[in-house]
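Peer 1: The listed protein sequences derive, respectively, from chains A and B. Mapping the first sequence onto this note's numbering, position 118 (from 1) lands on 118, and the numbers just tick up by one. Mapping the second sequence onto this note's numbering, position 402 (from 1) lands on 402, and the numbers just tick up by one.
Among the clues, some could well be false.
[Said to hold, decoys possible] Looking from chain B toward chain A, a few residues come up when the C-beta cut is under 8 Å (computed):
{"id": "1", "residue": "Phe27"}
{"id": "2", "residue": "Lys191"}
{"id": "3", "residue": "Arg195"}
{"id": "4", "residue": "Asn196"}
{"id": "5", "residue": "Asn358"}
{"id": "6", "residue": "Lys360"}
{"id": "7", "residue": "Phe361"}
{"id": "8", "residue": "Glu364"}
{"id": "9", "residue": "Arg365"}
{"id": "10", "residue": "Ser369"}
[What the hints assert, rightly or not] Capping the alpha-carbon separation at 20 Å, the derived lysine-lysine pairs in PhoX-like fashion look like this:
{"id": "11", "chain 1": "B", "residue 1": "Lys55", "chain 2": "B", "residue 2": "Lys45"}
{"id": "12", "chain 1": "B", "residue 1": "Lys354", "chain 2": "A", "residue 2": "Lys95"}
{"id": "13", "chain 1": "B", "residue 1": "Lys182", "chain 2": "A", "residue 2": "Lys32"}
{"id": "14", "chain 1": "B", "residue 1": "Lys327", "chain 2": "B", "residue 2": "Lys290"}
{"id": "15", "chain 1": "B", "residue 1": "Lys370", "chain 2": "B", "residue 2": "Lys354"}
{"id": "16", "chain 1": "B", "residue 1": "Lys167", "chain 2": "B", "residue 2": "Lys133"}
{"id": "17", "chain 1": "B", "residue 1": "Lys354", "chain 2": "B", "residue 2": "Lys49"}
{"id": "18", "chain 1": "A", "residue 1": "Lys280", "chain 2": "A", "residue 2": "Lys16"}
{"id": "19", "chain 1": "A", "residue 1": "Lys95", "chain 2": "B", "residue 2": "Lys182"}
{"id": "20", "chain 1": "A", "residue 1": "Lys311", "chain 2": "A", "residue 2": "Lys280"}
{"id": "21", "chain 1": "A", "residue 1": "Lys400", "chain 2": "A", "residue 2": "Lys355"}
{"id": "22", "chain 1": "A", "residue 1": "Lys35", "chain 2": "B", "residue 2": "Lys182"}
Calculated from the structure, these hints are not laboratory results. Beta carbons are placed, not taken as given, at the ideal position from N, Cα and C, and that holds for glycine.
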Amino acid sequence: MSDFFLNLSGNPAAKKLITKLGLPVPMPPILKRAKGPWEDRPVNDLPVIVCHGKGGALASVMAGTLISAGAEIWLAGENQPAEVYAGLGEAWSRKPIALPESGCPESLRPHGLVFDATGFETADDMKIAYRFFHSCIRQLRSCGRIIVITRPPSAISSAGEAAAARGLQGFTRSMGREVGKKGSTANLITVDADADERLEAVLRFFLSTRSAYISGQPIHVSSAVPSPSAKPLFTKPLEGKIALVTGAARGIGAETAAAMAREGAKVIVMDLPKDEEALKQLAARLGGVPLMCDITAPDAPDAVCNLVAEKFGGLDIAIHNAGITRDKTLGKMDDKLWDQALGVNLLSVIRVNEKLIGQIREGGRIVCLSSIAGIAGNFGQTNYSASKAGIIGYVQALSKELAPKGITVNAMAPGFIETRLTAAIPLMTREVARRLCNLSQGGLPSDVAETAVYLSSPGAVGHTGQILRVCGGSFVGA
Amino acid sequence: MDNATNGRGNSRAVIIGGVRTPFLRAFGDFMLMDTIALGAANVQKLLEKFPIDKKEINGVVWGGVILPGQSANIGREITLDSGLPREVEATTVTRACTSGMKAIAMAVEAIERGDADVMIAGGSDSTSNAEVKMPQSFVHKTAPVTMSSKSGPMDYLKLAARMKIRKDLMPQRPSVRERSTKELMGESAEKMAGRNGITREAQDALALQSHQRAAESIRNGRLAQEVCSVVNTKGKVVSADNLVRADTSLEKLAKLKPAFKKGGTLTAGNSSPLTDGSAAVLLMSREKAKALGLAPLAEFRSWSFDAVDPWDQMLMGPAFSIPRALKKAGMTLKDIGVIDIHEAFAAQVLSILKMLGNDKFAQERLGLSKAVGEILPEQINIHGGSIALGHPFGATGARMVITMANELKLSGKESAVMAICGAGGVSVGAIIVAAS
Numbered sequence: 001m002s003d004f005f006l007n008l009s010g011n012p013a014a015k016k017l018i019t020k021l022g023l024p025v026p027m028p029p030i031l032k033r034a035k036g037p038w039e040d041r042p043v044n045d046l047p048v049i050v051c052h053g054k055g056g057a058l059a060s061v062m063a064g065t066l067i068s069a070g071a072e073i074w075l076a077g078e079n080q081p082a083e084v085y086a087g088l089g090e091a092w093s094r095k096p097i098a099l100p101e102s103g104c105p106e107s108l109r110p111h112g113l114v115f116d117a118t119g120f121e122t123a124d125d126m127k128i129a130y131r132f133f134h135s136c137i138r139q140l141r142s143c144g145r146i147i148v149i150t151r152p153p154s155a156i157s158s159a160g161e162a163a164a165a166r167g168l169q170g171f172t173r174s175m176g177r178e179v180g181k182k183g184s185t186a187n188l189i190t191v192d193a194d195a196d197e198r199l200e201a202v203l204r205f206f207l208s209t210r211s212a213y214i215s216g217q218p219i220h221v222s223s224a225v226p227s228p229s230a231k232p233l234f235t236k237p238l239e240g241k242i243a244l245v246t247g248a249a250r251g252i253g254a255e256t257a258a259a260m261a262r263e264g265a266k267v268i269v270m271d272l273p274k275d276e277e278a279l280k281q282l283a284a285r286l287g288g289v290p291l292m293c294d295i296t297a298p299d300a301p302d303a304v305c306n307l308v309a310e311k312f313g314g315l316d317i318a319i320h321n322a323g324i325t326r327d328k329t330l331g332k333m334d335d336k337l338w339d340q341a342l343g344v345n346l347l348s349v350i351r352v353n354e355k356l357i358g359q360i361r362e363g364g365r366i367v368c369l370s371s372i373a374g375i376a377g378n379f380g381q382t383n384y385s386a387s388k389a390g391i392i393g394y395v396q397a398l399s400k401e402l403a404p405k406g407i408t409v410n411a412m413a414p415g416f417i418e419t420r421l422t423a424a425i426p427l428m429t430r431e432v433a434r435r436l437c438n439l440s441q442g443g444l445p446s447d448v449a450e451t452a453v454y455l456s457s458p459g460a461v462g463h464t465g466q467i468l469r470v471c472g473g474s475f476v477g478a
Numbered sequence: 001m002d003n004a005t006n007g008r009g010n011s012r013a014v015i016i017g018g019v020r021t022p023f024l025r026a027f028g029d030f031m032l033m034d035t036i037a038l039g040a041a042n043v044q045k046l047l048e049k050f051p052i053d054k055k056e057i058n059g060v061v062w063g064g065v066i067l068p069g070q071s072a073n074i075g076r077e078i079t080l081d082s083g084l085p086r087e088v089e090a091t092t093v094t095r096a097c098t099s100g101m102k103a104i105a106m107a108v109e110a111i112e113r114g115d116a117d118v119m120i121a122g123g124s125d126s127t128s129n130a131e132v133k134m135p136q137s138f139v140h141k142t143a144p145v146t147m148s149s150k151s152g153p154m155d156y157l158k159l160a161a162r163m164k165i166r167k168d169l170m171p172q173r174p175s176v177r178e179r180s181t182k183e184l185m186g187e188s189a190e191k192m193a194g195r196n197g198i199t200r201e202a203q204d205a206l207a208l209q210s211h212q213r214a215a216e217s218i219r220n221g222r223l224a225q226e227v228c229s230v231v232n233t234k235g236k237v238v239s240a241d242n243l244v245r246a247d248t249s250l251e252k253l254a255k256l257k258p259a260f261k262k263g264g265t266l267t268a269g270n271s272s273p274l275t276d277g278s279a280a281v282l283l284m285s286r287e288k289a290k291a292l293g294l295a296p297l298a299e300f301r302s303w304s305f306d307a308v309d310p311w312d313q314m315l316m317g318p319a320f321s322i323p324r325a326l327k328k329a330g331m332t333l334k335d336i337g338v339i340d341i342h343e344a345f346a347a348q349v350l351s352i353l354k355m356l357g358n359d360k361f362a363q364e365r366l367g368l369s370k371a372v373g374e375i376l377p378e379q380i381n382i383h384g385g386s387i388a389l390g391h392p393f394g395a396t397g398a399r400m401v402i403t404m405a406n407e408l409k410l411s412g413k414e415s416a417v418m419a420i421c422g423a424g425g426v427s428v429g430a431i432i433v434a435a436s
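Using the sequences provided together with the hints, build the complete structure.
Peer 2: Right under this line is the structure:
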């Protein structure tokens, strides 16, 4: 399961030798990943260069976020809303520093580059973004973060404005390809004009090391789901929440359940009866409740709902993680393989939700597991792709239905994640699959788990109906 | 004494007075005196200065930061070594640089709760005697063998074979890094200088002020009444502080290299030095003082012990503790006659002053409508501070109480506020008023 080249890259002597000899050996960067629970200040004392391209519509929310997240703020470019930053930062001794006109000083190695492009009016305005990133992208430290913020193209009236918004998507994706070799990521956030306040949680997550394996993604922040007036919690975000994680006995499921519990949730860990031992141990460790049940069994929806009703009187978070592969090329695939894959990955999710949704409380979160294969398709995985693409359609439709109830519905689409499932892939295929992304390595179950926690947190109310890829900026799938 | 009034005290504690040893640069004339020896010598001198019947003393509360591993309750050792009756109880307090102040506060509490009538409180530290420690893996490997009566020569040979030189046998340097943040305190202060825009020039100016004022107060005898002479292990009589530089200047300070960061602003000149020393205070209930015919100098009006997030601005605590102590006392900064702020680093003091004068800080961090008050650097530390005098961690709180209590008596001023920041983000602000 371990990645030989990643281990090699982690050995300074070997890395130096290989680089010196110019050997054609992949040297994937060692990614920084947060350990432990959400921090009050995820970017404490880390330098972040901010540029408001045109106008400062987002100045106060960005300033407030970066200051409370502990960033050392540098403002780049002319006409920056420095007074907004200075006013908000004063009490915390976090005043913005003006970046010299000559550009990024040699000694400054920023952790983050954040560009606000919401004021862009024409395609020509992209030149401002080019200038900003051109001047400082080479200074970005390893495992750094690039974030570009625009209005969504759909919400824009003029064609020129739309061209700029969409253009920045291509621009950001390409930056992701370039900075990936140093472990850095680049993502585009599109934010509805009435959802600006919701950026805080989004920026915190995408600037932190918890988003280590998400790159090249467009992420939408909307006001579709009403949010409670209270400011979301940024430490122990899931305190007091009841969460269900299916397929929790091992791998991504177990990791997700643990991350949920770490952030304060009471977790119901569900898996097959044959995994009773592992499940009980996990539940004991997390202070959760085990539920031994085959999710495809006819009585599974009742079993889940009864447990939720009896023990907790309601549910806040449902993570539909249970999944299987039954690979065969289509001509050779028999009914059983088709039925099993569809049954676990899609049909049971729909069946369980039909019953369960009535028990999900206001402010609830549903997260389903899709896959890159569901987006791009994959050889020998017609059944799997159908089920995982089905999840996408399902999530998009269900999110609209549940939005008025304050419940968000999202999917995560993992790329190549180092699990039991991917360890079974033949060596050469596996080796190639790992490298086909910006970060040229597989992700870890914890990368998916951290994303699940994020999408389940109160602050993520701006996301619904989204398919968030956790793929390291995979080369496949649009 | 019998604790007949335990928990039902309605007395006030008063400060009778205090005395401290000279503060010396580490590894100087006090090198061979550990913190216990310094404390014991100090307590003896305190009782020479205030010759009360030793039987009147109920207890000792002692502050210390670098504690000897074999006898961590140094308060008790000092009690025994200083010739107090062996029945006098003693407690040791450790709360970083606020240890001495906490010790005094606990003694005051004991008196005001009715547990005690007469207490000695203070603190000491010998940075010259920080202990070098064997790795814990050495202990874990050797203890089972050495502590077992069944161990034979072969067991010891096997043990020796299992020892790894670097991992098990290399002694660990005493760690000066914060356990939590892994930062040197100077690095934390350097960050504060950056975030609060404190210049090198402003820091050097405060350092110069500290040295000049301390030197003047030593020259004119003002501080001499607070310092006792101590005979060290070699028989040398040490009677004066040796860290104060009367002849320093801005030019000299400006020449020093940054100590904690390349291109930084903190230097050895504008930071407090490693110091050996001790300070002790005599406290009593008002009634007892009257009965013994002693004139009190001052009494505590309020204090606030606090902590801030050490990963943020570790030494910012006094900016919270001062306003909280003021609030508890029902006072504002205008009511305060003298201000004494511990100078761990000039950068830290100036950062605190800046925040105390900031409206936004008051509104968002303290819940006040406007700033606590504008304080100029010239208005604080009238007899110099820790940068010039030195900073034996546990002793500093008691040193400040002694100087301020005397100041109220001598100047006729009504009140003084003192504040100290400490490792781990702890802090204290305390207000004393002239004895009525």
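Peer 1: Starting from the hint list further up, note which numbers the structure goes against and sort them upward.
Peer 2: Numbers 1, 10, 14, 17, 18 and 19, in rising order.
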